[in-house]
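Enquirer: If you want the building blocks of each chain, they are given just below.
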Amino acid sequence: DVKVTQSSRYLVKRTGEKVFLECVQDMDHENMFWYRQDPGLGLRLIYFSYDVKMKEKGDIPEGYSVSREKKERFSLILESASTNQTSMYLCASRAGQRYNEQFFGPGTRLTVL
Amino acid sequence: AQSVTQPDIHITVSEGASLELRCNYSYGATPYLFWYVQSPGQGLQLLLKYFSGDTLVQGIKGFEAEFKRSQSSFNLRKPSVHWSDAAEYFCAVVGDTGNQFYFGTGTSLTVIP
Chain A
5 DVKVTQSSRY LVKRTGEKVF LECVQDMDHE NMFWYRQDPG LGLRLIYFSY DVKMKEKGDI
65 PEGYSVSREK KERFSLILES ASTNQTSMYL CASRAGQRYN EQFFGPGTRL TVL
Chain B
883 AQSVTQPDIH ITVSEGASLE LRCNYSYGAT PYLFWYVQSP GQGLQLLLKY FSGDTLVQGI
943 KGFEAEFKRS QSSFNLRKPS VHWSDAAEYF CAVVGDTGNQ FYFGTGTSLT VIP
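As given, the protein sequences belong to chains A and B, one line each in that order.
Once you know that position 61 of the first sequence is 65 in our numbering, the rest is easy, because the numbers rise by one and skip nothing.
Once you know that position 8 of the second sequence is 890 in our numbering, the rest is easy, because the numbers rise by one and skip nothing.
Among the clues, some could well be false.
[Claimed, not checked] Computed cross-link-like contacts, DSS-like style, restricted to lysine-lysine with a CA-CA straight-line distance of at most 30 Å:
hint, chain 1, residue 1, chain 2, residue 2
1, A, LYS59, A, LYS17
2, A, LYS74, B, LYS943
3, A, LYS7, A, LYS59
4, A, LYS61, B, LYS931
5, A, LYS59, B, LYS931
6, A, LYS57, A, LYS7
7, A, LYS74, A, LYS61
8, A, LYS7, B, LYS931
9, B, LYS931, A, LYS75
10, A, LYS7, A, LYS61
11, A, LYS59, A, LYS74
Think of the hints as simulated: they come from the structure by calculation, not from any bench.
Note that this is a predicted model, so its numbers are computed, not measured.
Based on the sequences and whatever the hints tell you, model everything.
Expert: Structural data, given as structure tokens:
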């Protein structure tokens, strides 16, 4: 079975802190994704990566950056956390073909105080 | 541009009753469509997907969905709901590039005994 793990289930940070969210997948997938999930808004794509060191902006990249130095690992970085970044963050991975589904991690509930 | 609409924010059904969750998509060519389920505090799990062939697709947990091109719909159904089906359900379509998924805002299902 594909496994996508995220470094923390719950995280509490203070405004202005630099925050790292880590995601690791074990199925050699080319594509990896970061979403945030907010009530009534569904899943919104922050960034995705289709290969090592490659990244594409999603719909809401402002205030975030990403890093993919190894194929299995995709990191989301909040350079200076703000209260409006309090949310559930979901990581996903997917093999390259268009008909393939995304596999999701359990999510990280981030609270910024 | 591609998009997904889930018209029902919240649905309540009695255990044992039938269920239909609506999904309408906007996409010019043949869409690749997915239904996911998210139990409380968890990541998303794939229920089923459609990309070609038979328009009635069977999935896990007794769910099925029917692709109707003329109505731009991909509605999810289950003949008899169980209390464990209480969750949030998301419909998604793959975009033109084949990488980005577009999710609906979700339908929250409550099952009453």
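Enquirer: Would you check the hint for LYS57/A and LYS7/A, treating anything up to 30 Å between C-alpha atoms as holding?
Expert: holds, 21 Å
Enquirer: Taken at face value, is the distance from the CA of LYS59/A to the CA of LYS7/A at most 30 Å?
Expert: holds, 22 Å
Enquirer: Just to be careful, I want the Cα atoms of LYS7/A and LYS61/A compared with a cutoff of 30 Å; is the pair within it?
Expert: holds, 24 Å
Enquirer: Does the structure keep LYS59/A and LYS17/A at a Cα separation of 30 Å or less?
Expert: Since the Cα atoms of LYS59/A and LYS17/A sit roughly 26 Å apart, the hinted pair holds (cutoff 30 Å).
Enquirer: Keeping to a limit of 30 Å between CA atoms, is the pair of LYS931/B and LYS75/A held or broken?
Expert: holds, 26 Å
Enquirer: Quickly compare the C-alpha distance for LYS61/A and LYS931/B to 30 Å and report which way the hint goes.
Expert: holds, 25 Å
Enquirer: Mind checking the alpha carbons of LYS74/A and LYS61/A for me, to see if they're no more than 30 Å apart?
Expert: holds, 19 Å
Enquirer: Sort out whether LYS74/A lies within 30 Å of LYS59/A, counting only the CA atoms.
Expert: At roughly 13 Å apart (the allowed maximum being 30 Å), LYS74/A and LYS59/A satisfy the hint.
Enquirer: Hinted pair, alpha-carbon criterion (30 Å max): LYS74/A, LYS943/B. Please report holds or violated.
Expert: Roughly 35 Å between the alpha carbons, so the hint for LYS74/A and LYS943/B is violated.
Enquirer: Quickly compare the C-alpha distance for LYS59/A and LYS931/B to 30 Å and report which way the hint goes.
Expert: holds, 26 Å
Enquirer: Is the hinted pair LYS7/A and LYS931/B satisfied, with a Cα-Cα distance of at most 30 Å?
Expert: Satisfied, since the Cα-Cα distance of roughly 19 Å is no more than 30 Å.
Comparing the model with each earlier hint shows a violation of hint 2 alone; every other hint is respected.
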